[in-house]
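In terms of numbering that gives the first Met the number 0, the sequence shown has 252 at position 253, counting the first letter as 1, and numbering is strictly consecutive.
Since the hints were made in silico from the structure, they are not lab data. Any given hint could be a false lead.
[To be verified] So the derived label-pair ranges between C-beta atoms look like this:
{"id": "1", "residue 1": "His273", "residue 2": "Leu314", "range": "18 to 24 Å"}
{"id": "2", "residue 1": "Pro449", "residue 2": "Tyr366", "range": "50 to 56 Å"}
{"id": "3", "residue 1": "Arg688", "residue 2": "Arg494", "range": "44 to 50 Å"}
{"id": "4", "residue 1": "Arg373", "residue 2": "Pro449", "range": "24 to 30 Å"}
No experiment lies behind these values; they were computed from the predicted model shown. Even for Gly, the Cβ is constructed at its ideal location relative to N, Cα and C.
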Amino acid sequence: MLQRPFQTAPEAQDGPPGRVPAAGTGDLFAAVSVFTRLGEFSDRRREAAYLETCTEEIRSLLRICGVAATAAFSLLVIYDWLFYGPGPVFYWKAAVRCLGLLTGAIFFLVVQRAPNVQILHAAITVGMATLSSLVMLTWLIEAPPTLSCATLAFALLLIYYLLAPGTTTGIIGNAVFLSAGAVGVSLSRLGSHPEDIVGVVLLLTAANGLGLVGMRKFKLDRRRTYLAQEEARRVTAALSLSRQESRRRSEYQAWALDSLQVGVLLLDPDFYLHTLNRRAVELLALPAGSIIPGDRYDALIRFLIRRGDLGDLDLSDVRYHIDRLLRGKAATVALRLRSTGKVLEITAGRLPDGSVSVTVFDASERYALNRRLRHAVEVAGDGFAIYDANDIVTICSSRFAALYGLTVDQTVGRSYDELIQRGYERGVFDRTGGGPGAVNAAALTRRRIPERMVELRTTAGEWFLVHERVTPSGDLVELRTNITARRRIEDELRRSKEEAERMLAGLREAQANLILSEKMASLGSLVAGMSHEISTPLGIGVSAASHLAEEIERLSNLFREDQLKRSEMDQFLEAATEATRIMQANLGRAARLIQAFKQVSADQTRDEIRSFDLGAYLREIMLSLAPALRRLSRPVEIDCPAGLTVRNRPGALGQIVTNLVMNAVQHAFDEDATGAQIDIRVGQPREDRITIEFSDNGHGIDTDSLPRIFDPFFTTRRGTGGTGLGLHIAYNLVTQVLGGTIAVSSRPGAGTRFIISFPQDARS
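Starting from the given sequences, assemble the full structure and let the hints guide the process.
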């Protein structure tokens, strides 16, 4: 704030000149300060600020003074020419005038380019001193009358005091210089009488006194005006700032109200509209200028009634609802505007100063969402409910409430325990814990896990799947679905599955029996063929033994009768030798057949893993199958690397080869089997795997039957004793027992080829 002016002490204060401190202080410097600062601020900073405001004004005044001095010097030159004429006096005065013109030009240039007010003050001081010096030089050149000298000095002193905008010290110093010079010139050059000297002194004293008083008053008035203007500017700036702040605050309040998503109406204590924001205008669909601040709230209500927005409500009804809001007997009032179809929620409350604040909220979306939620709840399964954090029902469907014999309104607000208790009372659930409708306490433990599914059964035998989920806000959503029909279907499916499993077990047992029967039948046919095959060499051996016995008896008779001759002995030896050879050959053949039969039959019954020579074992198999292969025109050709040892299940391999051979004999050739040929080739082991290629040159297999030859019970000789299990058994033995693979390729009329691959060592 600006300080009070014109105080002398302390330094930071200003005071009117001439106010001397108390006499007891004896402050001589304060008195000198009062005398030298005639109207100036004692605060140098304030004085500098004041002078800065006057800089251009001082510069303009000095320019005018410079022009006036130049004009005066020029006129004085003309005056001297006219008054003195050419002569020494004129030339000396003209020289002084020219010096004054030069000084004026320099003064004008300094004033024009002075950067601050201090330079201007220095120029003023030097200019006054120069002017006083030039005036006194002219007096020395030619002495004017004393009165004229005193008058000119008087005029110059008044000009110095009243017009020169310099510092007080500079003006007083030049005034003293001019006064002393005038008195000195009068005493030394004019030779005036004493009374004239006294007149000059009195005139100069009067000039200095009048000048000091005038200068003091002039400067005081200027500074008072400056301070008044500063104060006015400060007050004006403060008022302007206050108005701007108030206007800005009002604008901010208006912007804030307009940015709200709710409508706001502010009424004064007399219920006149004070503020109406843009959102309220939009929600109430008010035309421009229909309702403006200053109208009573009745005008708004009447407008809505005239437009038909309030339906059957009249002004008294609306006043009643507003009065209930203001008294706190209602939280909100819902209103549907018929013109826009929007549902508005209106709240009202009193402010501390008695004003009324009314808010209007667009609840159309929420009401629509509630309607959609109610519809969705009604179609959500066979029961839907939402419990709050205290397990109180907040939303439910009619199906959920019907289970407890309640309506939706009766169910909302009840706790979970109350509903379970009502279920006990109505017999929906069994509180004893046994039988249908029993509610397990563990099953009713809620909120232990975020989501769970529980099956409940009522006493009526209905099953419900209860799906519960805890939301992040702490609510619990329960969805109940009637799964009675599904449980019945599941029970029927379970019974059907069990029946199907029993039937499948029976089928598997029957299949195993059929496979065993097929194996026994194959073994039986092998036994029958083998017995027939063995009977021939045994019969021949018996016949040879009988013939040998007869020859021995005949030889014995000849020996007893002493009729034995050399020729008879030779004949007997020949016959005995032949009979012995025949018996040895046939008995050896029978023994080999029996040995092969024993090995093959033992392998097929025990099916143990052992090491065997693959080529020799295949030949033993062919030897055991000799009766069945007798109809072939050529024996089975076996091509196997010598000494190839296999560690696997020989019984399974024998059964596979037997089934393939018998399948070829039965299906690949005609009755006469002319040109029939079966080949078995064993390749060199690769990556410890054995590959056996079984091929025949029979009829082949048609394209439709080829993919099905390994299926159980598939046969093309159903009416001639075929069971359809031979190749199926071979396939199972290869893939499951030997751990290998079997593939077939055939074309009608081009024979059939089976490729079997299995590990050389079953342990690998």
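Now for the hints, and whether the structure bears them out:
no., hint, in the structure
1, His273 / Leu314: 18 to 24 Å, "21 Å, holds"
2, Pro449 / Tyr366: 50 to 56 Å, "31 Å, violated"
3, Arg688 / Arg494: 44 to 50 Å, "48 Å, holds"
4, Arg373 / Pro449: 24 to 30 Å, "26 Å, holds"
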